[in-house]
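**Q** Residue 13 in this note's numbering sits at position 13 of the sequence shown, and the numbers go up by one each step.
The hints are simulated quantities; they were obtained by calculation from the structure and are not laboratory data.
All of these numbers come straight from a predicted model, not from anything done at the bench.
Careful, some of the hints might be misleading.
Using 25 Å as the maximum straight-line C-alpha spacing, the simulated BS3-like pairs for lysine-lysine come out as follows [unchecked claim]:
| id | residue 1 | residue 2 |
| --- | --- | --- |
| 1 | K257 | K288 |
| 2 | K321 | K263 |
| 3 | K321 | K288 |
| 4 | K288 | K263 |
| 5 | K288 | K312 |
| 6 | K118 | K195 |
Label pairs and their calculated CB-CB ranges [stated by the list, open to error]:
| id | residue 1 | residue 2 | range |
| --- | --- | --- | --- |
| 7 | D176 | D18 | 20 to 26 Å |
| 8 | G77 | K195 | 35 to 41 Å |
| 9 | D215 | A136 | 29 to 35 Å |
| 10 | E51 | H295 | 47 to 53 Å |
| 11 | P280 | R39 | 35 to 41 Å |
| 12 | D166 | K257 | 28 to 34 Å |
| 13 | A164 | D40 | 28 to 34 Å |
By construction, the Cβ of each residue, glycine as well, lies at the ideal position given by its N, Cα and C atoms.
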Amino acid sequence: MGSLPEQQQVVFRSTLPDIAIPDHLPLHDYVFERLAERRDRACLIDGATGETLTVGDVHRLSRRVAAGLYSLGVRHGSTVMLLLPNCVEFALAFLAASRLGAATTTANPLHTPPEIAKQAAASRATLVVTEPAFVAKVRGLAGVTVVATGDGAEGCASFADLAAADDSALPEAPIDVANDVVALPYSSGTTGLPKGVMLSHRGLVTSVAQLVDGDNPNLHLREDDVVLCVLPMFHVYSLHSILLCGLRAGAALVVMKRFDTVKMMELVERHGITIAPLVPPIVVEMAKGDALDRHDLSSVRMVISGAAPMGKELQDIIHAKLPNAVLGQVHIPNLSFLVL
Numbered sequence: 001m002g003s004l005p006e007q008q009q010v011v012f013r014s015t016l017p018d019i020a021i022p023d024h025l026p027l028h029d030y031v032f033e034r035l036a037e038r039r040d041r042a043c044l045i046d047g048a049t050g051e052t053l054t055v056g057d058v059h060r061l062s063r064r065v066a067a068g069l070y071s072l073g074v075r076h077g078s079t080v081m082l083l084l085p086n087c088v089e090f091a092l093a094f095l096a097a098s099r100l101g102a103a104t105t106t107a108n109p110l111h112t113p114p115e116i117a118k119q120a121a122a123s124r125a126t127l128v129v130t131e132p133a134f135v136a137k138v139r140g141l142a143g144v145t146v147v148a149t150g151d152g153a154e155g156c157a158s159f160a161d162l163a164a165a166d167d168s169a170l171p172e173a174p175i176d177v178a179n180d181v182v183a184l185p186y187s188s189g190t191t192g193l194p195k196g197v198m199l200s201h202r203g204l205v206t207s208v209a210q211l212v213d214g215d216n217p218n219l220h221l222r223e224d225d226v227v228l229c230v231l232p233m234f235h236v237y238s239l240h241s242i243l244l245c246g247l248r249a250g251a252a253l254v255v256m257k258r259f260d261t262v263k264m265m266e267l268v269e270r271h272g273i274t275i276a277p278l279v280p281p282i283v284v285e286m287a288k289g290d291a292l293d294r295h296d297l298s299s300v301r302m303v304i305s306g307a308a309p310m311g312k313e314l315q316d317i318i319h320a321k322l323p324n325a326v327l328g329q330v331h332i333p334n335l336s337f338l339v340l
């Protein structure tokens, strides 16, 4: 049998300038790289209460939560499960786990207890952060510490206590950015059972940089943008392209716990939302009533649709109702684009 021909390396170069990717930084340091100049800018806005955390607040509180998690035994190489709807605590806990060198696995709080238990076991989670309403779903998990947000729950650690922890002695985790897993989302299971996807610090930093850094970013987010965060952060679309990209770009995120058409339109008008990441089912709901006509939505400059294709009829509705907005459709076939 003859020998195989010698392989040749072929490199295709874009005509655009290269993006400088700071892939030596762990994820939490990357998103806060410009902390000094952005400290007082709005970062996370609670859509329900209007409470606003600045970039400095989020940085400080995420360090405190990290210290609190450390006191509960979370270490480099641990896994923390977030069983939460959209909330400010989700972002703080994710950044805190990153700082400790722990991985975060995200789960849908509407999953059944057996589904949650299976993911917790497969990901080797040792701590779960959840709302009091979902505590009953995780009480039976052996060897797992449960942290409850809000007013807390009997037998659970309090997230409020974590956010008040002393971070002065917080140790620096020995993070290997190329190999340490920072996020462990689970696939939708379209080709079989859901599977955990191991995303490293370097992989997420590189992916976010491709979207928001450089002279020609794909998402074109700006510091003065106000981004709607209604898509669930336990899905990678929202976790990656809204939360992490928004933090890196210095934009403000308006966090909605759950989708409600009227409430969403009110928030767009009240906060001057400029970027609206959506999915086609939400656009369909928006098109059904007259909420789009009853609110001033002129601030919206870009609508991003993903997860499924948006047909021409829906596109025409968006263009008619939001004439100032550019519509962009994002197709992500799987999580492989984040694995580097």
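**Q** Find the hints from earlier in the document that the structure breaks and name them by number, from lowest to highest.
**A** The structure breaks hints 8, 9, 10 and 13; every other hint is satisfied.
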